[in-house]
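Listed in order, the protein sequences are those of chains G and F. Under our numbering, the residues of the first sequence are numbered 1 to 245, in order. Under our numbering, the residues of the second sequence are numbered 1 to 541, in order.
Misleading hints may appear alongside valid ones.
[Said to hold, decoys possible] Once the Cα atoms are required to be at most 30 Å apart in a straight line, the calculated DSSO-like pairs of lysine-lysine come out as:
#1 G:K184 x G:K29
#2 F:K457 x F:K3
#3 F:K465 x G:K131
#4 F:K465 x F:K371
#5 G:K11 x F:K3
#6 G:K156 x F:K367
#7 F:K367 x G:K79
#8 G:K96 x F:K3
#9 G:K107 x G:K58
#10 G:K156 x G:K58
#11 G:K73 x F:K191
#12 G:K58 x F:K367
#13 F:K367 x G:K107
Quick caveat, the hints were computed from the structure, so don't treat them as lab data.
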Amino acid sequence: MFVHIRDLHFKYPNADDHSLEAFNLTIQKGEITTVLGESGSGKSTLLRLIAGLEMPTKGNIMVGDHCMCSQSKFVQPEKRGVGMVFQDYALFPHMKVEENIKFGLQKWSRREKKTRLNEVIELVNLKGFEKRYPYELSGGQQQRVALARALAPKPKLLLFDEPFSNLDADLQFKIREELRKILKTTGVTSIFVTHDQDDAQALADQIVILRNGKIIETGSPSKIFGTDCDISERLAVKPRVLSKL
Amino acid sequence: MLKWFRDIRSNLNTWTVLSIVFVGLILLPSLSIILQFSAETNENWNHIKEFMLDTYIVNSVILVLFVGLFSAIIGSSLAWLISAYDFPLRRFFQWGLILPLAIPPYIGAYTYHGILNYTGVIQTTLRNQWDVTVNQQYFNIMNMPGAIFIFVIFLFPYVFTITKAFLARQSTSLVENARILGTSSWRIYFKIVLPIARASIVAGVSLVILEVLNDYGVVKYYGIQTFTTAIFQTWFGLGDLGSAIKLSGTLMLLILGLIVLERILRGRKRFSFTTTKVTLLQPVKLKGRSKWLAFSYCMFIFTIAFIIPFIQLIYWAFLTYEQGFSTEFLQVIGNTVFVAFAAAAMITVMAVVISNISRLNRGLIAKVFPKVTILGYSIPGAVIAVGIVSLFIGIDEVIYQWGWASSYILSTSIVMLIFAYIVRYLAVAYNSIDSGFERIGIHFTEASRMLGNNVTKSFFKVDVKLIRGAIFGGFILAFIDILKELPLTLILRPFNFETLATNAFNYATNEMIHEAAIPSILIVCISAISIYFFHYVLERE
Ligand SMILES: Nc1ncnc2c1ncn2[C@@H]1O[C@H](COP(=O)(O)OP(=O)(O)OP(=O)(O)O)[C@@H](O)[C@H]1O
Ligand SMILES: [Mg+2]
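Construct all of the structure, not just a fragment, from the sequences and the given hints.
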């Protein structure tokens, strides 16, 4: 196993409830795992914990052979070798596409940087856009820059936070196929968070269904979508008591 | 236990350590006062408590009450007119009515006195043109109502700007509904605008009140006994730092009460809407008489609060312009720019560090540090000065006793003044920088960290580039405030060290009002340019 998460708990300091509770997950190397859940189920929180942007209240995270987080240890996000594609892409607005992509390659030599830039640009099919600024690109192109930027430093693990939610349906369909191909070519292990069943079905080797911060079900797409019944029922979030209102 | 250790260690970096040091430094003067507040009383203090303290409290309360009330009325009504109606020169008034802030009240105070007194332009004209000699009593502004007038016309823009910003963005649906229902304008103002804008009006008024309590120039010049004049007197007149500390402590308690009162008055934030889509309130075109009424009201306030004092100062400056080229005066300008620049630069660095760590942290730091940082702004200059002097004298005594220096070196140096500026004006830069950070959010920083840069590298490669404007804005705002500052500078400046503000004030108190004009007009013009820049140029972008 490549990623191993055990008994992960997390609560935001200003929240009443845990946003993630007793979360366990194992991922094999090169696998694409999709976390499927309604809005507010804790998907982003999970990714932020794996990335090291939040500190869990309890639990362990292992990536590769390294312990990222335990009772006594916490590795800072910049030291984890984990890449992330944000929901809003977070492309640096003051940098051109090539600068954005090379941003994570600071320790590399100039030559290596250049080669790597061309490689990933080729991979995401963005040739000719190197000199543009992010705001001069379409939504789909921005998304591909974000992917290229995250892939460039060759992360051990790549995290996606609903990267398609800002794209229209047509484009989503096309990019989904493309993304799976790219991920499989590079062989990078990845976790992909979404509320869209189609995303999950098309991309995943393994699916995890999350509800109110807890795992409801885990398995291969065929196991989860195999039965004919609609899974939206299983997904549905029981409305939390809005005690504060 | 292990986990606790882990949490501490992973949160401990240069940023955290630096910000803890900064916040500690800011707290020191207040702590110094609190610790010495309960020290043994002496005769002076007993005398003050028995015969004077009531007067100080009563005068301060009267000032605060009336200035608060009138600036609330003028500020909110102007804000409502400008946001809801269209009339001649409205676009100009939008920022023009902020310009009175460019005239520090102490400058306004002696300018108006100069206009109204026996040798002033009004009485001279009456005498020479129409041979009318007036009863001096009606033209005497140097009293309590006069001070209230001065504070109101030069400070109401605080209420005006905050309320206007709120009304323009947040009141649209309510006001438009009321308009559709045919509610009259007066009713809308009293029944809708005042209640929903209450929090912003209270916020603006509390800024006004803090300025009033901070003031030394106006009350000293007009001969009104308040806490600040009393602190000056016991300290410089009686040489009694202990009693000055007690007065300062009492004033701090008073302000603490005010802050609590503000929280209560402001109420819960019921009207901050969560919709991200902001619809701007569309002003209705006024016609006929009401159009000219609205215009006249704005024009009247603008005239007395800016045009009249401004023109008078320019006129005086022309009478004394040679003085502007003297080497002493150039020295004064040099001093002012030097201290303001040095303090504003340090303030900016500190504000950036504290603001950045507060947004990256989720724990206690994020809650406490922002509050401490803006604390200094609610403490009057004279009180900060007392705290800092008692602190620095304490340090100097230690240095002296240990034989590191042969005299008191810190408490006679410029270090003390710059430190005081930092304590008082850190909040100004902090607010600007913090809102800059808030605007860009945290994702860029996080993206940078995910690409292998630590907090510091991310800050220099990404954050700084994205909030340059806010950092620069914070620096300029602090710089301008320091340029105008009077009470701290008067108390803490080294011997023979003059800034534009002390220069102007000293001329004025020595009945050399004409000579005070050149340093005053410099202060006013620099402030006016920055107001124009921030409220007109930046707002249009
Ligand atoms: N900064 C925060 N402070 C407090 N509570 C938070 C914070 N961020 C998220 N939460 C809470 O944690 C829970 C999980 O949020 P999270 O953002 O992980 O959901 P999500 O599955 O990513 O939803 P979405 O699909 O809308 O992005 C929610 O109940 C949310 O209200
Ligand atoms: Mg999310």
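Checked hints:
1. G:K184 x G:K29: holds, 11 Å
2. F:K457 x F:K3: holds, 27 Å
3. F:K465 x G:K131: With a Cα-Cα distance of about 19 Å, the restraint between F:K465 and G:K131 holds, given a limit of 30 Å.
4. F:K465 x F:K371: Holds, because 26 Å separates the two Cα atoms, which is no more than 30 Å.
5. G:K11 x F:K3: Holds, at roughly 15 Å.
6. G:K156 x F:K367: violated, 35 Å
7. F:K367 x G:K79: With a Cα-Cα distance of about 27 Å, the restraint between F:K367 and G:K79 holds, given a limit of 30 Å.
8. G:K96 x F:K3: violated, 42 Å
9. G:K107 x G:K58: violated, 33 Å
10. G:K156 x G:K58: Within the cut-off at roughly 23 Å; holds.
11. G:K73 x F:K191: The given pair, whose Cα atoms are some 58 Å apart, is violated under the 30 Å limit.
12. G:K58 x F:K367: Satisfied, since the Cα-Cα distance of roughly 23 Å is no more than 30 Å.
13. F:K367 x G:K107: violated, 36 Å
Of the numbered hints given earlier, the model fails hints 6, 8, 9, 11 and 13; all others are met.
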